Amino acid sequence: MSAPGADRPGSGAAAAPPARSGPGSSAADELARALDRISRVRGMRGSMWVSADDGLPVAQLLMEGVPGRAVAALAASLVRKVSGSAGAVGAGRVRFVQMEAAGGTLLVALAPPDLLVVALADGRVNVGLARLEMMRAAAAVAR
Amino acid sequence: MADDVRSLTAALARDPSSLRYADLAESLRRRGQRDEALRVALHGLARHPRHADGHDVLARIYSDLGDLDRAQLAWGKVLELAPEHPGALKGVAFVRFRQGDARAAVEALERALAIDPSDEAAQRALESMRRDAPMADLPTAELPTAELPTPVAPVPAPPVPAAASPEAGAGSAGAARPSGAKARPAVFSGFDRATADILLLDERGLVLAGGLLAPNGADVSEVAAAGLAGVSGEAARTAQHLALGGWRTIVAEAESANLVVAPVGSGALLLVRRDRSMPVGLALRFAERARGTASTWLEGQGA
Numbered sequence: 001m002s003a004p005g006a007d008r009p010g011s012g013a014a015a016a017p018p019a020r021s022g023p024g025s026s027a028a029d030e031l032a033r034a035l036d037r038i039s040r041v042r043g044m045r046g047s048m049w050v051s052a053d054d055g056l057p058v059a060q061l062l063m064e065g066v067p068g069r070a071v072a073a074l075a076a077s078l079v080r081k082v083s084g085s086a087g088a089v090g091a092g093r094v095r096f097v098q099m100e101a102a103g104g105t106l107l108v109a110l111a112p113p114d115l116l117v118v119a120l121a122d123g124r125v126n127v128g129l130a131r132l133e134m135m136r137a138a139a140a141v142a143r
Numbered sequence: 001m002a003d004d005v006r007s008l009t010a011a012l013a014r015d016p017s018s019l020r021y022a023d024l025a026e027s028l029r030r031r032g033q034r035d036e037a038l039r040v041a042l043h044g045l046a047r048h049p050r051h052a053d054g055h056d057v058l059a060r061i062y063s064d065l066g067d068l069d070r071a072q073l074a075w076g077k078v079l080e081l082a083p084e085h086p087g088a089l090k091g092v093a094f095v096r097f098r099q100g101d102a103r104a105a106v107e108a109l110e111r112a113l114a115i116d117p118s119d120e121a122a123q124r125a126l127e128s129m130r131r132d133a134p135m136a137d138l139p140t141a142e143l144p145t146a147e148l149p150t151p152v153a154p155v156p157a158p159p160v161p162a163a164a165s166p167e168a169g170a171g172s173a174g175a176a177r178p179s180g181a182k183a184r185p186a187v188f189s190g191f192d193r194a195t196a197d198i199l200l201l202d203e204r205g206l207v208l209a210g211g212l213l214a215p216n217g218a219d220v221s222e223v224a225a226a227g228l229a230g231v232s233g234e235a236a237r238t239a240q241h242l243a244l245g246g247w248r249t250i251v252a253e254a255e256s257a258n259l260v261v262a263p264v265g266s267g268a269l270l271l272v273r274r275d276r277s278m279p280v281g282l283a284l285r286f287a288e289r290a291r292g293t294a295s296t297w298l299e300g301q302g303a
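First to last, the protein sequences are chains A and B. Position 120, counted from 1, in the first sequence is what my numbering calls 120; the numbers after and before it change by one each time, with no gaps. Position 284, counted from 1, in the second sequence is what my numbering calls 284; the numbers after and before it change by one each time, with no gaps.
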């Protein structure tokens, strides 16, 4: 796995540089720690902090081969669509979205006002545990 | 006209939240591209559900498609939002006239003229109606004004399976349909809140069965369906780009409800809305059962 500015030697993962200038070091550390906790959930292939407005990665911890920028952009776009529909059906503001597919699961927790916690997992993932970690991370950032 | 469509499409691409969607839908309608016009209008209204002019365009499109019931509802919505909207008043007059209610048609035209006495289209329509047919027995014919929508052959309503009764008795355990719900095929009879929280739509964002009610009891199925069609496309795109295979469900946990969206058959989409008091896992099981029912029904329709 790789994290921006904190690549792990010997991890066997490709480094994915940050997409843009990141937050300050302490904030970056906090984001990285959250990703680290999420990544420990079984079946997780990668997790990222994403800017909700433009779908660009802010920080990421990904297994090799996971297309971080695409995951970020697609997740943000999906959340925008789902949020619009939720508003139209009177469900209110969306907090968490999970899309299950034949080959894996995409999970997104909203961290207001402008961040998303995004995770991509395979079919073995414990969704409940992943959700807990992601919601915890989102709540910590939103504080 | 083609330039209009191009420039409006470009403007919307630059700013998807723009109200220009209504102009684009109207341009497409005037070009005869009714399905595309409908899609644009419904998507725009999903973003701007209180945009009176958007509902007015939607009503014109429905009218062109021969769906006078939906046209009437859409013009009614316009008048809720803008009670003096001249286009909606003329639209209501048109629908009433087509339904054989000449008196109501004349009243609506008179209201339109009271608001805008210089409206020549309304004047011509009113004069023509009074000249050509006595009030007591005005024929069911097209309201004579070029400004009003031109109807085409009616679009057949979705078929109702032989075993299904009209939705009037389709609520939970045979309970009456909620007052705001429209009559639709009773696909989800026996499911809790079958016509208030379960919606089946096609790939174009058009309602097939079920229904969705707002907290105030208003039927919001069409607006919801329009928005959901976009979700389906986005989910398919996401799954394809990330090599995840076909998507199965989307669960959205929101402030006041949990939503489950799932594809059904080839192109249809199911939405289940459950109160947050229902655990997500249970909501998923409920949705899976509803999907099975919807799938069986669609197969019965040859879909």
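Simulated from the structure, these hints should not be mistaken for lab results. Note that the coordinates shown come from a computational prediction; the quantities given were computed from them, not determined experimentally. Do not rely on the hints blindly, as some may be mistaken.
To be verified - Which residues of chain B face chain A? A partial, calculated answer using Cβ under 8 angstroms:
hint : residue
1    : 121
2    : 124
3    : 217
4    : 239
5    : 245
6    : 251
7    : 252
Stated by the list, open to error - Negatives, chain B to chain A, calculated, CB over 12 angstroms:
hint : residue
8    : 16
9    : 70
10   : 222
11   : 253
12   : 259
To be verified - Here are the simulated distance ranges between beta carbons:
hint : chain 1 : residue 1 : chain 2 : residue 2 : range
13   : B       : 237       : A       : 37        : 25 to 35 angstroms
14   : B       : 267       : A       : 54        : 23 to 33 angstroms
15   : A       : 92        : B       : 292       : 25 to 35 angstroms
Backbone N, C-alpha and C fix where the C-beta goes; we use that ideal spot for every residue, glycine too.
Tell me, which hint numbers fail for this structure? 1, 2, 3, 8, 10, 11, 12
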